[in-house]
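There are 4 protein chains.
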Amino acid sequence: MNELDIYAKQGFGNSSGFGARPALLIVDFVIGFTDPEHFGGGNILSAVANTKTLLAAARAHSLPIAYTRIVYADHQADKGIFCLKAKGLEKFTEHAPLGQIVTELAPEPRELIVRKSQPSAFFGTSLAAWLISKAVDTVIVTGCTTSGCVRASVVDSMSHNFRTIVARDGVGDRALGPHQANLFDIEQKYADLWTCAEIATHLQALNQARES
Amino acid sequence: MNELDIYAKQGFGNSSGFGARPALLIVDFVIGFTDPEHFGGGNILSAVANTKTLLAAARAHSLPIAYTRIVYADHQADKGIFCLKAKGLEKFTEHAPLGQIVTELAPEPRELIVRKSQPSAFFGTSLAAWLISKAVDTVIVTGCTTSGCVRASVVDSMSHNFRTIVARDGVGDRALGPHQANLFDIEQKYADLWTCAEIATHLQALNQARES
Amino acid sequence: MNELDIYAKQGFGNSSGFGARPALLIVDFVIGFTDPEHFGGGNILSAVANTKTLLAAARAHSLPIAYTRIVYADHQADKGIFCLKAKGLEKFTEHAPLGQIVTELAPEPRELIVRKSQPSAFFGTSLAAWLISKAVDTVIVTGCTTSGCVRASVVDSMSHNFRTIVARDGVGDRALGPHQANLFDIEQKYADLWTCAEIATHLQALNQARES
Amino acid sequence: MNELDIYAKQGFGNSSGFGARPALLIVDFVIGFTDPEHFGGGNILSAVANTKTLLAAARAHSLPIAYTRIVYADHQADKGIFCLKAKGLEKFTEHAPLGQIVTELAPEPRELIVRKSQPSAFFGTSLAAWLISKAVDTVIVTGCTTSGCVRASVVDSMSHNFRTIVARDGVGDRALGPHQANLFDIEQKYADLWTCAEIATHLQALNQARES
Chain A
283 MNELDIYAKQ GFGNSSGFGA RPALLIVDFV IGFTDPEHFG GGNILSAVAN
333 TKTLLAAARA HSLPIAYTRI VYADHQADKG IFCLKAKGLE KFTEHAPLGQ
383 IVTELAPEPR ELIVRKSQPS AFFGTSLAAW LISKAVDTVI VTGCTTSGCV
433 RASVVDSMSH NFRTIVARDG VGDRALGPHQ ANLFDIEQKY ADLWTCAEIA
483 THLQALNQAR ES
Chain B
283 MNELDIYAKQ GFGNSSGFGA RPALLIVDFV IGFTDPEHFG GGNILSAVAN
333 TKTLLAAARA HSLPIAYTRI VYADHQADKG IFCLKAKGLE KFTEHAPLGQ
383 IVTELAPEPR ELIVRKSQPS AFFGTSLAAW LISKAVDTVI VTGCTTSGCV
433 RASVVDSMSH NFRTIVARDG VGDRALGPHQ ANLFDIEQKY ADLWTCAEIA
483 THLQALNQAR ES
Chain C
283 MNELDIYAKQ GFGNSSGFGA RPALLIVDFV IGFTDPEHFG GGNILSAVAN
333 TKTLLAAARA HSLPIAYTRI VYADHQADKG IFCLKAKGLE KFTEHAPLGQ
383 IVTELAPEPR ELIVRKSQPS AFFGTSLAAW LISKAVDTVI VTGCTTSGCV
433 RASVVDSMSH NFRTIVARDG VGDRALGPHQ ANLFDIEQKY ADLWTCAEIA
483 THLQALNQAR ES
Chain D
283 MNELDIYAKQ GFGNSSGFGA RPALLIVDFV IGFTDPEHFG GGNILSAVAN
333 TKTLLAAARA HSLPIAYTRI VYADHQADKG IFCLKAKGLE KFTEHAPLGQ
383 IVTELAPEPR ELIVRKSQPS AFFGTSLAAW LISKAVDTVI VTGCTTSGCV
433 RASVVDSMSH NFRTIVARDG VGDRALGPHQ ANLFDIEQKY ADLWTCAEIA
483 THLQALNQAR ES
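Going down the list, the sequences are from chains A, B, C and D. For the first sequence, the positions run 283 to 494 when the working numbering is used. For the second sequence, the positions run 283 to 494 when the working numbering is used. For the third sequence, the positions run 283 to 494 when the working numbering is used. For the fourth sequence, the positions run 283 to 494 when the working numbering is used.
By construction, these hints were calculated from the structure, which means they are not laboratory data. Predicted, not measured: the structure shown is a model, and the values here were computed from it. Take these hints with a grain of salt, some might be off.
As the list claims (entries may be wrong) - List of simulated lysine-lysine pairs, DSBU-like, C-alpha gap at most 35 angstroms:
1. C:369 / D:291
2. B:291 / A:334
3. B:361 / C:416
4. B:334 / D:416
5. A:416 / C:291
6. A:416 / A:361
7. B:361 / C:334
8. A:373 / A:361
9. B:291 / A:369
10. D:416 / B:416
11. C:334 / C:416
What the hints assert, rightly or not - Over the 10 angstroms line for every Cβ pair with chain D, so calculated as not near, a few chain A residues:
12. 317
13. 335
14. 344
15. 359
16. 388
17. 415
Heads up, the beta-carbon is just placed ideally off N, CA and C, and yes, glycines get one too.
Based on the sequences and whatever the hints tell you, model everything.
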C-alpha cells in the first residue's frame, strides 16, 4: 500500500473548505529568502511572481492583507535556538537590506507587517488577534519556505481554527524535495491546496455573491 | 547540487545542543495512533518499544516527564478544522479506549498528562508553563507521528527556545516517506537527532557530572 | 481632580460596543468558588442567580456558550506559582466536588467546558480557537471572581480583539472593595458594563434584526 | 470581617518567593505614559526615579533586562479594541516621540525592547521565549500603570510560572485609588511586593552566594 492509500484509508486528505471572509498572508518574501546566495533559490522567484498576481486580486477585493518579516534585534538581544540551527538568521535586523520585503510585493499603507523571530507567523505575534479584529474565517497563505515558515504558519493557522488555503504555486522552497514533501503533509492534514489563479477566480465569485 | 548541499551551503543543519536540565515529552502514543486500523502503522510500534527504554532512563534520572493525548469533548463541542481534514479524530474523547496512552508507557503519578486538540503539544495547553516551573532548558521528544504532532511540537519547542532533541528511533509514522522527510526538516532547522540509547547514555553522564 | 475626571481627561472609558455574533463565557462558577467556606462569599451567589437568567436567554438565542473550571492534576503534577500564592487551589482536581460547576448552571451537551489552571480563561486553553471556530466577535462575561479570573479573562478577551461585555450583576467577588475597583478598571480600559437584563434584551433585538 | 481577613481566612496572600535567576522587566515607561498631559501623572515620575536605581543594580549584577513599549503601526493597520476603549493609544507609533522610552532609563545594546499592542508584556510577543532562553525563574516588574499594563503583565508572568516580584515603589499610576487596589490584588494572588531598595540588596546577596 503506498502512502496516499494509507492516508486515504485512515481518513486523511479531506477538504476543510474556503470560508466567507478570507485574508491573505504572505510569509517571508524578503530579499534574503529569495536570493539563492542567502536562504533563497529553488522555485521561490516563481512563487513571488504568482503571489504578485494574487496580491492584486486580494487588493481588488479588499481582503485584509498581512506580510511577515523575520526581524531580530540589532544587537542580538533576542538571538535564540533558531539562530543556532540556521546560522546567519540573526542578520535579519530591522534595517538590514536582506530583511526587507521584495519590491514586487511592497506593502501598502493599512496592510499589516508582522515582525517575527520564529518559523510561525503566529508565534509571539499579534497576527491571530488581528485576524479576529477583521472577522476572518479563512487564511490564504503564500510565501517561503514551504518546508519552514509556511508549514509552521499553516499548522498554527489551522490550530486557531481558520480554514486555511495554501497557494500551491505561490509557495516556494530552496529545494524541491522538502517543498513537495511538505505540500503532501499540508494537504493531507492541515489545509487545502489551490493555485493562485483558482483563488483569484474564487475571490471574484465570493464578491459577486456578496453584491447580489 | 543536492538538497543536503544546498542546506549546508546556506548555513542550516547546525547543532543546537543538549542543555543541563532536560525533560521528556512523549507525543500521542495512544492506542488509536499505534493501531494500523486507526491512525497507526509503519514504524510506530518500534518507536514505542524504544521509548519504553528511554522512559525508564528518564525516570531513573528523575526527569520531568510529560505525555500528550488528543482529547475532544464528548459531544463534539470543540470539533474544529483539524477534524475536517482528518475524519475520525473527534472520536478521541476523554474515556474512549482509542485515546488512552498505551500500557507499555503508562504514566506514573506526578508525571504530567497534557490534553490537546491540535497537532502541537504546546498549542492551547499549559505545557510551556509547566516546563518553566521545572526550570527545563532541553526537551527530548518521542512519539507519533513524526510528520504530524511530533513535527508541530518540535517547532513549538524550539520556538519557545528550548533546546530540542528528537529521538530518531523513538518517533514513528504510519508511512516512511513523510517520516524521513520530516526528520530531514527537523534536523536541518529545529532540533538535533539522537538515538534513544545515545540519550540514555548522556543522561547518565549528566547525572554523574551533577553528583561529582 | 478625582479619578473619573483624570481618566475622562486622558481619553479612557469609551465604549467598545456590542458586535453581531456574541458568545457567553461563564468563569469559574464552581462549588468551591461560591461557598464562603472555601473561596466564595460576598455577592457571588446573586451573580450566579443573575447568570442563570442570562444563560436561559443565551440558550434561547443559540449563542455559543463556554464555562471554565479550574482543574489541577490529581497528583499535583501541574501545581505552579498560583498554588503558592493561593493555598488550597490545587484541591480543584477533575473529580473533586469543589471543582464542579454549580447545579443551577449545569452545562448542556455541546456547550464547551474549558479546563484551566491559571486566572485567565484563555491562558493555556483552546478558548480563543473555539471562539474563532464559532465566528464570534463579542464575548459576554459572567462569573467569579471579578478581581481575579474574571478580570484576567476580560483583559485577554479584549487583547484578542473580541468586543467584551461584562455583566456587572453577573460577576461577583468574595469582598466588595476589589469587586468595585476591578469593575472600574474594566470599564475604563477593557470592556463595557451591562446588566444581565440589558444583555438579554439586546440578544432579543439582535435576533429580530437577523430574522427581518 | 474586613477584606484582608477574608483573604487571609481563604488562604490568599502567601509568598511565592524570589528564585535564583531573576530578570528585570520595565513596563511602558515611555514619554506618553509619564507626562500627565497624555496618559501619565500620579506617582509615575517617582516610580521612574526608583526604577533608575534598580536598573543600575540589575546591570551591575548582569540580569537580563527587558523594556516594553506600546507600538502601533503607522497607518493604524493594527488598531484594535484597546484603542476604542482608550482613545489616542494608536498615536504610539514606532517613531512618535510619545512612544519612546524615557531618557533616564535608556536601554543599552543587548537589552531587549519588546513591542506590544496590548496591556500584557507577554501577549503577542516573544517575551516568554526570551526569558526561557535566559533560564530565568523570577521576573522583577517595574513600570506603569499599576492598574493597567503592569497588572496584566504580572498576571501573565505568574501564569507562565515565573516567580514574580513587583517593585512596589517602582510601579506607578495616574491615580492612586486604582494603584492601591491593584497592589492589593497583586499581593494577595499573583506576586510578592518588595521595594526597589530591598530588591537591590537581595541581588547583591544572590551574587555573593553565587561567588562563594
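Is residue 416 of chain A within 35 angstroms of residue 291 of chain C, Cα to Cα?
-> The hint holds at about 30 angstroms.
Per the stated criterion, does the least C-beta distance between residue 359 of chain A and chain D lie above 10 angstroms, as a non-interface residue requires?
-> It is violated; residue 359 of chain A is separated from chain D by about 4 angstroms at its closest Cβ, not greater than 10 angstroms.
Is residue 416 of chain D close enough to residue 416 of chain B, meaning Cα to Cα at most 35 angstroms?
-> 14 angstroms, holds
Should the label of residue 344 of chain A as a non-interface residue stand, given a Cβ cut-off of 10 angstroms to chain D?
-> 14 angstroms, holds
For the pair supplied as a hint, residue 291 of chain B and residue 334 of chain A, is the alpha-carbon distance within the 35 angstroms limit?
-> Holds, at about 29 angstroms.
Agreement of residue 334 of chain C and residue 416 of chain C with the hint, judged by alpha carbon distance not exceeding 35 angstroms = Between residue 334 of chain C and residue 416 of chain C the Cα gap is close to 22 angstroms, so the pair holds against 35 angstroms.
Status of residue 388 of chain A, Cβ more than 10 angstroms from any chain D Cβ | Correct as stated: the minimum Cβ-Cβ distance to chain D is 14 angstroms, above 10 angstroms.
Does the claim that residue 335 of chain A lies outside the interface with chain D hold up, using a Cβ gap greater than 10 angstroms?
-> 23 angstroms, holds
Take a quick look at whether residue 416 of chain A and residue 361 of chain A sit within 35 angstroms of each other, Cα to Cα.
-> Since the Cα atoms of residue 416 of chain A and residue 361 of chain A sit roughly 32 angstroms apart, the hinted pair holds (cutoff 35 angstroms).
Regarding the assertion that residue 317 of chain A does not contact chain D, is the least Cβ-Cβ distance greater than 10 angstroms?
-> 26 angstroms, holds
Taking 35 angstroms as the top limit, are the C-alpha atoms of residue 334 of chain B and residue 416 of chain D close enough?
-> 32 angstroms, holds
Quickly compare the C-alpha distance for residue 291 of chain B and residue 369 of chain A to 35 angstroms and report which way the hint goes.
-> Holds, because 10 angstroms separates the two Cα atoms, which is no more than 35 angstroms.
Checked against the numbered hints above, the structure breaks hints 15 and 17 and satisfies the rest.
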